[in-house]
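> The chain contents come next:
Protein chains: 2
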Amino acid sequence: MMFIHTSDWHLGRQFHNVSLLADQAAVLAQLVDFVRQNPVDAVIVAGDVYDRSVPPTAAIDLLNRVVTQICEELHTPMIFISGNHDGAQRLGFGAAQMKNAGLHIISNYTDMLKPVIIESQTAGPVAFYGMPYSDPEQVRYHFETTVDDFDQAHQVLVQKIDEIKDPCTRRVLISHCFVDGAMESDSERPLSIGGSDRVSHAHFTHFDYVALGHLHQPQKKGEEFIRYSGSLMKYSFSEQHQKKGFTVVTLDDTGFVSATHEPLNAPHDLRIIEGELEAIVEQGRTDPHHQDYLLIRLTDTHAILNPMEKLREVYPNVLHLEKPGMLVGVEQDMAKARLARGEHDMFCDFYREVQGSALTDAQGDAIKQIIRQLNASHSEQ
Amino acid sequence: MMFIHTSDWHLGRQFHNVSLLADQAAVLAQLVDFVRQNPVDAVIVAGDVYDRSVPPTAAIDLLNRVVTQICEELHTPMIFISGNHDGAQRLGFGAAQMKNAGLHIISNYTDMLKPVIIESQTAGPVAFYGMPYSDPEQVRYHFETTVDDFDQAHQVLVQKIDEIKDPCTRRVLISHCFVDGAMESDSERPLSIGGSDRVSHAHFTHFDYVALGHLHQPQKKGEEFIRYSGSLMKYSFSEQHQKKGFTVVTLDDTGFVSATHEPLNAPHDLRIIEGELEAIVEQGRTDPHHQDYLLIRLTDTHAILNPMEKLREVYPNVLHLEKPGMLVGVEQDMAKARLARGEHDMFCDFYREVQGSALTDAQGDAIKQIIRQLNASHSEQ
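Read top to bottom, the protein sequences are chains E and S. Each residue of the first sequence is one higher than the one before, counting from 1 in this note's numbering. Each residue of the second sequence is one higher than the one before, counting from 1 in this note's numbering.
One or more hints might be untrue.
[Unchecked claim] Using 27 Å as the maximum straight-line C-alpha spacing, the simulated DSSO-like pairs for lysine-lysine come out as follows: (1) Lys99(E) / Lys99(S); (2) Lys114(S) / Lys99(E); (3) Lys114(E) / Lys160(E); (4) Lys99(S) / Lys165(S); (5) Lys165(E) / Lys114(E); (6) Lys114(S) / Lys160(S); (7) Lys114(S) / Lys243(S); (8) Lys220(E) / Lys243(E); (9) Lys114(E) / Lys160(S).
[Stated by the list, open to error] Covered stretches of chain S (chain E as the covering partner; in silico rule of three or more C-beta atoms under 8 Å from a C-beta of chain E): (10) 56-63; (11) 67-80.
For the record, the hints were derived by calculation from the structure and aren't laboratory data. Glycine residues also receive a C-beta, built at the ideal position from the N, C-alpha and C atoms.
Based on the sequences and whatever the hints tell you, model everything.
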């Protein structure tokens, strides 16, 4: 059996006020082509198919076209789960009516506990369990159980799935969560503050494959068969070096065989260019990829009139401009202003805010001494 | 063949800041019961299933439950068309995947030209053509034709449908438009200003039945078989005397046989009560329907302290209060103010606005004379 694992399409996303829909349509066309040219048994989308719970009409249209191509024309079943960006109930309308056409949208716990069985010659029938995006509150409420964090919540959900007696020996789990230790990037919306969103991969090791969504960087977690496919495209400049695409998974009747990354190429790449204005403009004149979406970081230290205008003559899609070079002086001024307000007073306020009580005299003296030392070493630089 | 014709559900509607969802769920349960207890071959919803293009999640949930009961549990096909309140593309997501489960959502012209064929013992196969809500602009753009108004647009759409060669001799049309001469009420959103939204019933006379939506009053138009089912519930106080429900249509192999109105009873009726405060409060104490949604029109001519508070003690769901009695004096004052500004000048302005030119001297004299006569007759009263 061969299936595609993909996630985090974020259809309808705006990036620095630019619609990415045309690029999303282009990379999805590459994915559809792969399905057309290869013996794909299923396409799994592990959450965040839309960028927000009420997606724009054009994003709905694009998904409708892709789904019709894959399910109707290519007769390949698709399984979606809802992610934290999706509106679960909105996405799930008509799910019961779509099933027989091979379109499975799993956005509630009733459907989570009814596996989608897909037949294959090499692995026999395989049970796909879709876990809709779940925070601890939802699990607590629905299963009337006490769970404190995402880890416990996902443990409970896996237990519920394990109670199902299905006729398949091979089982695939689909989940949208933050598996412990995985790498983050800027475009993933945090699920919670301070680490309580992490889920241990240990809960998942008895499945034959775990198709994860949420993190945008393709990666495995703990085992070869517990993987993030990564997002469809780059959705923040922090993802500039990530290889985007989808994961092609093969199973046989003994379980997991392989997972390989298949690249997708967006018409506009997302890049950061760093350097002095003159050099960047010079390079832009012959850059074959001058249409890319760019963050430009100017290192010039002198004032420049209309840098954006000059850059856009050669790079029309500069989306963001940073001038760290110009800030050298500004930062020094800010540091002076901060000194004027008194570091010691600021630290006393901060300590009171955090601890709920004032510094003792001894603590106050120690802090004063540290600040003096730091200021002295600053002046030497 | 027996089918249900209903329309204008407006799920998710707020009425004077009160959600009508619980009432909508209650009347839909009555409709589902009818399907359960009668040999219904299909349920037709002629547009405006939602109250707005982005309906609230709770409205989507309700529709999902109703659709699952009728299509899945009772195995009765449903056909929806998009109305002017619905978001056609949003409503139409997954339509291709839902068809085989008996859920037909027709929200574009491609699907309009593929009839839904429903088999029956008494009428043979019947072709149902759903016409999504269409303004002239959409028809002009899609069919590259010149149409100026709704009437011409619907004539073109019927011509397109007539070009289809389908194997059925019996044909039903579903449309959401304003058929000429039909009665309006306050809760229908006008399609256009000044009459260009009217569609002649003459375009529809060659179908066996025409299931119309848009107008909230159940009524036939020109022929017994061209009908509005009316809305699911009362959606404005101007509809207080309308009998809400759905239409049960029977066809046989010769065509139209009968259309009967089946009532639906909302938990809260929508009523206007007119009278003096004291009498209304007295009547409310023993009114078995004191939970109804009310507009109360007080005829008292003297000032009353906190009338709403007094009324809500007996009628908790007073949604709107009118005090025409108190306005008698105010209206006289306003009339005097209007006189002071000069009716003749006001009429001259109005005439110039509408006609684009000033009154002639003879016209001006005639108007002055009329105003004098009117003022004289006013003073006599």
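> At a Cβ distance under 8 Å, does chain E reach at least three residues of the stretch 67-80 of chain S?
Since three or more residues must qualify, the claim that chain E covers the stretch 67-80 of chain S holds, with 4 doing so at under 8 Å.
> Residue count check for the stretch 56-63 of chain S against chain E: does it reach three with CB-CB under 8 Å?
As far as the stretch 56-63 of chain S goes, the hint holds, because 4 residues have Cβ atoms under 8 Å from chain E.
> Lys114(S) and Lys243(S): Cα distance at most 27 Å?
With Cα atoms ~34 Å apart, Lys114(S) and Lys243(S) exceed 27 Å; violated.
> Between Lys220(E) and Lys243(E), does the CA-CA distance stay at or below 27 Å?
Given that 27 Å is the threshold and the Cα spacing comes to 14 Å, the pair holds.
> CA of Lys114(E) to CA of Lys160(S), is that 27 Å or under?
Status violated; Cα separation ~44 Å.
> Is the Cα-Cα distance between Lys114(S) and Lys99(E) 27 Å or less?
Given that 27 Å is the threshold and the Cα spacing comes to 22 Å, the pair holds.
> Is it true that the CA of Lys99(S) sits at most 27 Å from the CA of Lys165(S)?
Status holds; Cα separation ~21 Å.
> Is Lys165(E) close enough to Lys114(E), meaning Cα to Cα at most 27 Å?
10 Å, holds
> Are Lys99(E) and Lys99(S) close enough, with their CA atoms no more than 27 Å apart?
Distance of about 11 Å is within 27 Å: holds.
> Take the C-alpha atoms of Lys114(E) and Lys160(E), compute the straight-line distance between them, and say whether it is at most 27 Å.
11 Å, holds
> Is the Cα-Cα distance between Lys114(S) and Lys160(S) 27 Å or less?
11 Å, holds
Comparing the model with each numbered hint stated earlier shows that hints 7, 9 do not hold.
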